[in-house]
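S.K.: Read top to bottom, the protein sequences are chains A and B. Residues in the first sequence are numbered consecutively from 3, following our numbering. Residues in the second sequence are numbered consecutively from 3, following our numbering.
No lab work stands behind these hints, which were simulated from the structure alone. All residues carry an ideal CB built from backbone N, CA and C; glycine is no exception. Hints may contain errors.
Claimed, not checked - A short list of chain B residues far from chain A (calculated; beta carbon distances all over 12 angstroms):
1. 134
2. 207
3. 317
Claimed, not checked - These stretches of chain B come out as covered by chain A in the derived footprint (C-beta under 8 angstroms, 3 or more residues):
4. 112 to 123
5. 239 to 252
6. 256 to 266
7. 276 to 286
8. 318 to 324
Number of protein chains: 2
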Amino acid sequence: MNEFEFTPTYDTVCQAADRIRDVVVRTPLLESPALNKKIGARLLVKCETLQVTGSFKFRGAYNAISSLPDEVRARGVFAYSSGNHAQGIAHAAEMMNIPATILMPEDSPAIKISNTRGYGATVVTYDRYTESREEIGARIAEKDGLTLIKPYDNPAIVSGQGTIGLEIAQQLKEKGLTADYLSAPCGGGGLISGITLAMAKESPTTRLIAAEPENFDDTTRSLALGERVSNEPGHRSICDAIVTPMPGEITFPILQGNGVTGVFLTEREVTNAVRTAFTDLKIVVEPGGAVALAAYLSGKVDIAGKTVVAVCSGGNVDAPLFADILLEKL
Amino acid sequence: MNEFEFTPTYDTVCQAADRIRDVVVRTPLLESPALNKKIGARLLVKCETLQVTGSFKFRGAYNAISSLPDEVRARGVFAYSSGNHAQGIAHAAEMMNIPATILMPEDSPAIKISNTRGYGATVVTYDRYTESREEIGARIAEKDGLTLIKPYDNPAIVSGQGTIGLEIAQQLKEKGLTADYLSAPCGGGGLISGITLAMAKESPTTRLIAAEPENFDDTTRSLALGERVSNEPGHRSICDAIVTPMPGEITFPILQGNGVTGVFLTEREVTNAVRTAFTDLKIVVEPGGAVALAAYLSGKVDIAGKTVVAVCSGGNVDAPLFADILLEKL
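Required output: the full structure, derived from the provided sequences and hints.
M.R.: Below you can see the structure in the form of structure tokens.
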């Protein structure tokens, strides 16, 4: 047992699915016959870029806030986030007519900060390389009586993200397919752990892969070592959405208990995946959202002849950066 | 009656839907709460950029080829197209294991030519400003015994494109909505006429709008005048997918008979819509595919407080051009 109010399970994922059904997009599971031919595999892409607020984070955010007791929720919520959890929380709070304050790194993509403000949240910025978001966050939350909704170490968040796994399992069944691999981007692990809970029950033969950026491969190394280890501080990454310091307290045991493995991708592999998503799938994927696709395209996972699923988790990327990636400047 | 083998109707659209159901993507009807707030309307985007081959054209192409008698189909098909019909025909032919030859303008987007070749078709290029595709096409088709599949003046093509209208009507019903306006890009009119057949029956109060690029507003002017008129030759447009000379022989009477009106958009209005689709919807839309969205964003249609649908019809755009649009160089 952990310090949290409950342990996320397959059942709590199903409960989350019921709770959020009417407000989330059942995102498509796309594929490109041309791309399949090129890579010699059947690749299906779960397109969470098309989720409300442009990333999967809205699922967990809505589930977590709507699970709060009425009088607690009414005081408002607080979150720290590089931007996708921020937008998810801000929009969910807006829908429920409660105040939201979000602490964001000052170097977050402009689109993420402006969208979060657009959803009516109060945005406070900090320096992610010198300040602790946990400390600043605790002070703000206490002062205004806000409830902190952590980005991944929260069972309602993990359960909400797991609804993606339920949808993937159902969409694969509709196509008469079973996936050999399912890969999802991994920062703190909220997404991949939730999906793992769903897939372990729905499709136990599917092997799950946590995809991470180079220098932020804490989950890959932790899973190999059998214990949670941190990233070396001081690195930067184009994958702003998933540059967390170490695996989550709730999320890591789920991955470890279900044989999930990790893989890390270089910046070049990630930008190549962003371009492929543009050219072959016609979707806008931010770098951090493209690492799972990159895992397959890079050759680091042996997918020849297999059926594989990649979650493209978000599309909140600034236009100038996306243009640079398209022009192969990155 | 016309020279064609049948007149497309609501019923032929429904038959097309049955014929193509297992091979097409039921594309999502997306919306962005943030964008809705900005424009003061409820905007739903039918996202045919996510269709097989990256545009709606695959629907009509598959329907038309699969409707041919077996022995005719076996000899192969021929098409002329700036690229989206080309890819639709090429991929449908590939799926049915028959040869396809496609005549394309030599200045078609590189992505469209290479994708068409990737689907196994033989591509022949011509100069769209000095040569007649109809004449070259007739020669090629006759020589090899191929069946010409015209891009819009073909009742099976119109019926196939109309399946988009059936899906939109069903998706709106699922959301409990009725659209005040539905706009779709218009070149020869295959898409908007097919959709009109579906919507006239499914949602008769919805007003239909054909969206065209500046200098290629032949349908807009023809509808206003009550007869088919041509564009002045010699103009060029960023909207390569929809720069046809005049409304189709089959398509125009459908538009005229159902009170469809037209609107034309400047290049600036179109590129603005491409950027909005990127930023707010996370989808890759080619310029010609974005004119219907541009119709609403431009202010040329009074959408205040209304529920409006835009078809984003294709996403086959070269990366350097898309980058220039994102960087506001266009």
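S.K.: Honestly, which of those hints from before does the structure not fit?
M.R.: When the structure is compared with the hints, numbers 3, 5 and 6 turn out to be violated.
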